[in-house]
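Residue numbers (our numbering): 1 to 293.
Read the hints as simulated data drawn from the structure, not as lab findings. By construction, the Cβ of each residue, glycine as well, lies at the ideal position given by its N, Cα and C atoms. There's no promise every hint is true.
Claimed, not checked - The calculated label-pair distances, taken between Cβ atoms and stated as ranges, are:
#, residue 1, residue 2, range
1, L98, V40, 47 to 53 Å
2, L138, V40, 39 to 45 Å
3, G69, P41, 18 to 24 Å
4, S198, P41, 44 to 50 Å
5, K20, S198, 54 to 60 Å
6, D194, I150, 23 to 29 Å
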Amino acid sequence: MTTVERTLISPWALRKRRGKLLYWLVFALVITVFTVAFVVPLLWMVLGAMKTAPELARNPPTLLPESFGAEAYTEAWTFMDLAKYFTNTVIVAAGAWLIQLAVQVPAAYALSKLRPALGKWILALMLATLMLPASALLVPTYLAITEVPIVEVNLVNSPAAIWLPAAANAFNIYLLKRFFDQIPTELLDAARIDGAGSVTTMWRIVLPLSRPIIAVVSIFSIVAAWKDFIWPLLVLQDPEIQTLSVALQRFEPDTPINLMLAGLVLASIPMVVAFLIFQRQILAGLTAGSIKG
Numbered sequence: 001m002t003t004v005e006r007t008l009i010s011p012w013a014l015r016k017r018r019g020k021l022l023y024w025l026v027f028a029l030v031i032t033v034f035t036v037a038f039v040v041p042l043l044w045m046v047l048g049a050m051k052t053a054p055e056l057a058r059n060p061p062t063l064l065p066e067s068f069g070a071e072a073y074t075e076a077w078t079f080m081d082l083a084k085y086f087t088n089t090v091i092v093a094a095g096a097w098l099i100q101l102a103v104q105v106p107a108a109y110a111l112s113k114l115r116p117a118l119g120k121w122i123l124a125l126m127l128a129t130l131m132l133p134a135s136a137l138l139v140p141t142y143l144a145i146t147e148v149p150i151v152e153v154n155l156v157n158s159p160a161a162i163w164l165p166a167a168a169n170a171f172n173i174y175l176l177k178r179f180f181d182q183i184p185t186e187l188l189d190a191a192r193i194d195g196a197g198s199v200t201t202m203w204r205i206v207l208p209l210s211r212p213i214i215a216v217v218s219i220f221s222i223v224a225a226w227k228d229f230i231w232p233l234l235v236l237q238d239p240e241i242q243t244l245s246v247a248l249q250r251f252e253p254d255t256p257i258n259l260m261l262a263g264l265v266l267a268s269i270p271m272v273v274a275f276l277i278f279q280r281q282i283l284a285g286l287t288a289g290s291i292k293g
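Given these sequences and hints, build the entire structure.
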């Protein structure tokens with residue numbers, strides 16, 4: 001018995017010349033609208049950084065700069081000391097990534113394969129946190145950071161103030177668990193028969209099979225830490241250890257607008273390049289739903 005996929009446009013309509021023409025017109029229109037909506041602001045920011053401040057203030061605005069050059073980028077790099085803030089952001093993003101993998105992978109593995117008591121309730125409570133707006137969690141999280149329970153340590157002005165809350169990401173745990181659910185239980189049973197414990201099974205069997213989804217979670221973790229603004233603004237009050245997003249906001253009142261645009265472009269480049277390099281892995285990890293043997 002063949003399975004027929006139901007779509008908005010029937011195969012019968014697509015076989016007609018009018019149906020094909022209408023389909024491709026709508027497709028081209030949607031692609032054009034979304035491309036313009038996403039690419040034009042980025043292009044305007046890149047070209048705007050090449051203009052002088054008076055040229056940016058003209059009305060009506062000019063589309064292209066009078067002269068092309070990278071002087072604004074080099075000046076912004078020096079004027080705002082972006083090298084220091086890039087380093088701070090790399091430290092924060094790398095630490096958040098490592099902490100998240102160290103916490104989320106074992107948590108998802110336990111919920112998926114070890115089946116703890118009340119595991120479904122624990123997962124449900126985790127997913128319930130996704131229903132809360134991020135702003136509603138700022139105050140309780142900040143209070144927990146200023147006096148960490150049990151150890152009673154104040155983590156303000158420490159990268160750990162960003163690393164530890166980042167580990168509690170229910171969405172990433174859910175992604176990992178759903179992928180782990182697709183791994184055949186027979187593989188894990190065979191490893192246990194050979195004497196492997198739960199940790200060894202996770203390390204030698206589950207993780208090598210889970211590289212696509214781990215790549216996706218890694219990208220999500222790094223991008224979230226790189227672009228976050230509100231939380232680093234609250235917990236990193238010392239200007240010397242602030243991240244790029246916070247530092248650029250602090251420089252904004254006293255910085256020419258073309259240099260500010262150049263700083264924004266420079267801050268965006270690492271994440272854009274990372275997506276272009278790993279886009280295939282991201283799509284593969286999100287669409288992976290089974291293991292073929």
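Cross-check of the supplied hints:
Between L98 and V40 the C-beta distance comes to about 36 Å, which lies outside the given range of 47 to 53 Å. Distance hint for L138 and V40: a CB-CB separation of about 33 Å, inconsistent with the stated range 39 to 45 Å. The given range of 18 to 24 Å is respected by G69 and P41, whose C-beta atoms sit roughly 22 Å from each other. Range check, S198 to P41: Cβ separation about 48 Å, and the 44 to 50 Å hint holds.
A hinted range of 54 to 60 Å for the beta carbons of K20 and S198 is consistent with their spacing of about 55 Å. Range check, D194 to I150: about 38 Å between beta-carbon atoms, so the 23 to 29 Å window is missed.
Checked against the numbered hints above, the structure violates hints 1, 2, 6; every other hint is satisfied.
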